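A.B. asks: The residues making up each chain are set out below.
2 protein chains.
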Amino acid sequence: MKFDFTYFNPTKIYFGKTALENLSSELANYGDTVLLVYGKGSVKKSGLYDKMIKILNEAGKKIVELAGIKSNPSYKQMMEGARLVRENHADLILAVGGGSVIDCAKAISISAYCKGDPWQRYWIDYEEVDNEIVPVGAVLTMAGTGSEMNGGSVITNEEKMLKNGRVYPPNVYPKFSILNPEYTYTVPKYQMASGIFDTFSHLLEQYFSGTDDNTTDYVIEGVLRSLTHSARAALKNPEDYEARSNIMWCATIGLNTITGLSKEQDWEVHMIEHQLGAYTDCAHGAGLAAISTAYYKYIYKFGIDKFVRFAKNVWDVNTDTLSKEEAAMAGIEKLSNFIRELGLPSSLRELGATEEMLPLIAKSTIQGGGYKQMDENDILTVLKNCY
Amino acid sequence: MKFDFTYFNPTKIYFGKTALENLSSELANYGDTVLLVYGKGSVKKSGLYDKMIKILNEAGKKIVELAGIKSNPSYKQMMEGARLVRENHADLILAVGGGSVIDCAKAISISAYCKGDPWQRYWIDYEEVDNEIVPVGAVLTMAGTGSEMNGGSVITNEEKMLKNGRVYPPNVYPKFSILNPEYTYTVPKYQMASGIFDTFSHLLEQYFSGTDDNTTDYVIEGVLRSLTHSARAALKNPEDYEARSNIMWCATIGLNTITGLSKEQDWEVHMIEHQLGAYTDCAHGAGLAAISTAYYKYIYKFGIDKFVRFAKNVWDVNTDTLSKEEAAMAGIEKLSNFIRELGLPSSLRELGATEEMLPLIAKSTIQGGGYKQMDENDILTVLKNCY
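Heads up: the sequence lines are chains A and B, in that order.
Throughout the first sequence, residue numbering follows the working numbering, covering 1 to 387 in sequence.
Throughout the second sequence, residue numbering follows the working numbering, covering 1 to 387 in sequence.
Please note that the accuracy of each hint is not assured.
Identical chains blur together in the list; that is why a pair holds if it fits in one copy or across any two.
Once the Cα atoms are required to be at most 25 Å apart in a straight line, the calculated BS3-like pairs of lysine-lysine come out as [said to hold, decoys possible]:
1) Lys236 <-> Lys2
2) Lys236 <-> Lys306
3) Lys51 <-> Lys62
4) Lys312 <-> Lys324
5) Lys12 <-> Lys2
6) Lys2 <-> Lys372
7) Lys51 <-> Lys2
8) Lys312 <-> Lys334
9) Lys175 <-> Lys12
10) Lys160 <-> Lys363
11) Lys372 <-> Lys301
12) Lys54 <-> Lys44
13) Lys2 <-> Lys17
14) Lys2 <-> Lys189
15) Lys236 <-> Lys334
16) Lys189 <-> Lys70
Since the hints were made in silico from the structure, they are not lab data.
In this text, all values refer to a predicted model and were calculated from it rather than measured experimentally.
Turn these sequences into a full structure, and let the hints steer you where they fit.
C.D. replies: Structure representation (C-alpha cells):
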C-alpha cells in the first residue's frame with residue numbers, strides 16, 4: 001500500500017431478510033417531511049411501495065413523491081426533486097430503487113440549496129459543496145452500482161448530451177441503506193446481469209493499476225471470485241438467496257472505497273460507457289460489458305504482470321506453462337466468456353450505437369486510464385474494435 | 001451470506017507516511033483537556049512522544065498523562081485512567097501505542113463515568129453502557145489487534161486472574177486512528193511476528209465457521225494471502241514499507257467487522273489464549289500461535305470441507321489428488337510451518353506454562369467454538385496436545 005489514504009465510510013448498512021424492520025428507528029432521527037424518490041413503478045408492482053408508505057405513515061411523516069426516475073437519471077428530474085425539497089422543506093430524501101434512484105437522491109441532496117447552477121458548479125467545475133446537504137436514506141432493490149454506500153452520483157444532462165459522474169465526501173453518503181437481497185428477485189435477468197457486470201467492472205477498474213504490492217488487490221481478487229461464483233448460481237436459480245445476497249454485498253463493497261484504497265485506479269471503461277450511455281441510453285452494465293474485452297485487449301501490454309496475476313488468481317488459469325502474453329490473454333478470454341455467460345452484449349452495435357456515433361463518443365469521453373493514458377484516438381480505436 | 005447483519009463502522013482512518021499531519025485538525029473537534037495514554041516508553045525512544053507533545057501544545061491542549069500500560073492492560077491501570085479523566089474532565093483520550101494501549105483507552109472511556117463497579121457491570125455481566133462515553137483517538141505503533149477500528153477491549157483483572165474481552169458498539173470505536181506503517185519499524189521482530197499471528201488468528205477464527213456460501217470467506221482468503229506474502233517480506237526486511245503497510249492494513253480490516261459479516265465465527269483459540277495470558281503474561285499472538293495447530297487438528301473433522309478450501313485457496317495446495325482428510329491436514333501443516341517461519345512458539349511450555357496450570361486454564365476458559373462446541377475436557381485435551 002504505497003499511497004497514503006483516508007478511509008471514512010459512515011453509512012450504516014442493514015442487510016438481510018429483516019433489514020426493513022430497521023427503517024422505523026432510522027426515520028425517528030429525522031424531521032417530519034420525507035421526499036420519497038423511486039423509479040418507473042417496479043416498486044409498486046413488487047409491493048415494496050405499499051410497505052414503505054405504511055411505515056412512513058406509522059412514523060407520522062408527511063410524504064412528498066418524486067416518481068419515474070430513469071435508469072440514467074436526468075438533470076431535469078434531479079432539478080424537479082431539488083424544487084420539491086425546497087418547497088416542502090424535506091428533512092430526508094428516501095430513495096427506493098437501484099443505483100440510479102440513489103444517485104438521483106444524492107444529486108438532489110446537494111443541489112436543493114445550491115447557490116447558482118448546480119450542473120455547472122458540481123458536475124462541470126467539480127466545486128466543493130458549500131451549501132446545506134439534505135440527508136439521504138436508501139432502500140435498495142437492485143445490486144450493481146454500489147451507490148448505497150458511497151458518494152458517487154452520475155447524472156445525465158440530456159440537453160447537453162453529457163453523462164457526468166462525481167464522488168462526494170462522506171457527508172453526502174446515504175446515512176443508512178437497507179439491503180434485502182430478496183428485493184432483487186424480481187429484477188429481470190438482463191438487468192441482473194447488467195448489475196453484476198457493473199460491479200465486476202468497478203472491481204476491475206480499481207484492480208488494473210499500480211505495480212506495488214497492495215492488500216487491496218488481494219481483497220479485490222476475493223470479491224471477484226465470490227461474484228463470479230454467485231453470478232453463475234444466480235443465473236441458474238435467480239431465487240438462490242445466498243447467491244443474490246453475495247451479489248448484493250459484492251456490489252456494495254465493490255465501490256464503497258474499501259476496494260480502491262491506496263490504488264491509482266483506471267475508470268476509463270466507465271468514462272467511455274458514460275458517453276455511450278448518453279448516446280444510446282443502454283443499460284450501464286451492458287455498455288461496460290460491450291466495451292471491456294476490447295479495452296483490456298488494447299491496454300494489457302502496458303501492465304502485463306497484473307493481467308497474468310488476474311488470470312491466475314481470479315480465473316484459476318494455470319499460468320506456469322504459458323508465456324506472459326498467453327497468460328494475460330487467457331485471463332481476458334475468461335472475462336470475455338463470463339460476459340457471454342451473463343448474456344450481455346459483446347458489441348456496441350447490439351446496444352443501438354451507430355458508426356457515426358463513435359467519433360462523437362470518443363471526442364466527448366473524459367480521458368484517463370490506468371496502465372495506459374488514453375487519448376481520443378486510443379478511445380476511438382477501442383470503440384471501433386468493439387463496434 | 002445467510003445471516004442478517006448490521007454494518008456500521010464510523011472510525012476515520014488516516015493511513016500512510018503523512019498520516020500524523022491530520023492530528024491537528026482532528027484535535028480541533030474536541031475540548032481542551034487530553035488524557036495521553038501510552039506504554040512503557042518505546043514511544044519516547046522512537047521520538048513519537050515528543051512529536052505528540054508538540055502537536056498537543058500547538059493545539060493549546062492541557063495534557064494529562066497515563067504511562068506504562070502493560071501488554072495485557074490491567075484493570076488497575078484502567079481504573080487509574082478513569083480517575084484521571086474524571087478529575088481533569090478530559091475531553092479526549094488519545095492512545096499512542098499498540099492494541100493494548102487502545103484497548104485500555106476504550107476501557108477508560110466507558111468506565112470513567114460508570115455508575116457502580118465497571119468490572120462487574122461491563123466485563124462480567126456484559127451490561128450495555130448507559131453512561132457518558134469519553135471519545136477516544138488513536139495513533140497506532142504496532143499492527144495486530146485491530147483495536148484501532150473496532151469496539152473491542154480486553155482487560156486483565158490481575159487480582160481475579162481473569163482476562164476478559166468484550167466488543168462495544170460503534171460509539172465506543174476510536175473516532176479517528178492514525179496509522180503510519182513506519183512507526184512499526186522499531187517493533188522487535190518477535191513482537192512483529194506476534195502481531196502478525198494475532199491478525200492471522202482473527203481471520204481464521206472468523207473464517208472457520210458456517211457451511212453457507214459467503215463473500216466474507218473470499219475476502220478473508222484474500223487478506224490471509226496478502227498477510228502471508230507480506231509477513232515473509234517483512235521477516236526478510238523489516239523496513240520494507242509495502243510489506244509493513246499491508247500488514248498494518250490486514251490487521252485493521254482483519255477485525256473491523258468487515259471480515260466477520262454474516263459469519264457465525266469461532267473465537268475459542270482466543271478464549272483459551274486469554275486465560276493462558278492471564279496465567280503466563282505471554283505475548284498475545286505468541287500464545288495464539290502455540291495453541292492454533294493443536295486446536296485446528298482437534299476440530300477440523302467437524303468442518304472438513306472448509307479446511308480443504310483453506311488448504312487450496314490460502315496455501316495453494318493442489319487438493320485434486322488428495323483425500324479430504326489429507327487435504328485438510330495439508331492446510332493445517334502449512335499453517336504450522338508458517339508459525340515456525342514467524343519464529344513463534346509451537347508449545348505452551350515455551351511460554352512459561354506449567355503442567356499444573358493446564359486444568360486451571362481449561363476450567364476458567366469461556367466455552368464456545370465454531371465447527372465444534374468445546375467443553376472443559378475438549379479444551380484440556382487441546383492444551384495437553386500443545387503443552
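A.B. asks: Please go over all the hints and tell whether each is borne out by the structure.
C.D. replies: Hint check:
no.	hint	verdict
1	Lys236 <-> Lys2	between (41 Å within a copy, 19 Å between copies)
2	Lys236 <-> Lys306	between (31 Å within a copy, 24 Å between copies)
3	Lys51 <-> Lys62	within (15 Å within a copy, 53 Å between copies)
4	Lys312 <-> Lys324	both (11 Å within a copy, 24 Å between copies)
5	Lys12 <-> Lys2	between (29 Å within a copy, 19 Å between copies)
6	Lys2 <-> Lys372	within (19 Å within a copy, 41 Å between copies)
7	Lys51 <-> Lys2	between (47 Å within a copy, 23 Å between copies)
8	Lys312 <-> Lys334	both (11 Å within a copy, 21 Å between copies)
9	Lys175 <-> Lys12	both (6 Å within a copy, 16 Å between copies)
10	Lys160 <-> Lys363	within (14 Å within a copy, 73 Å between copies)
11	Lys372 <-> Lys301	within (9 Å within a copy, 49 Å between copies)
12	Lys54 <-> Lys44	within (13 Å within a copy, 60 Å between copies)
13	Lys2 <-> Lys17	between (39 Å within a copy, 9 Å between copies)
14	Lys2 <-> Lys189	between (40 Å within a copy, 22 Å between copies)
15	Lys236 <-> Lys334	within (19 Å within a copy, 36 Å between copies)
16	Lys189 <-> Lys70	within (18 Å within a copy, 57 Å between copies)
The structure shown violates none of the earlier numbered hints.
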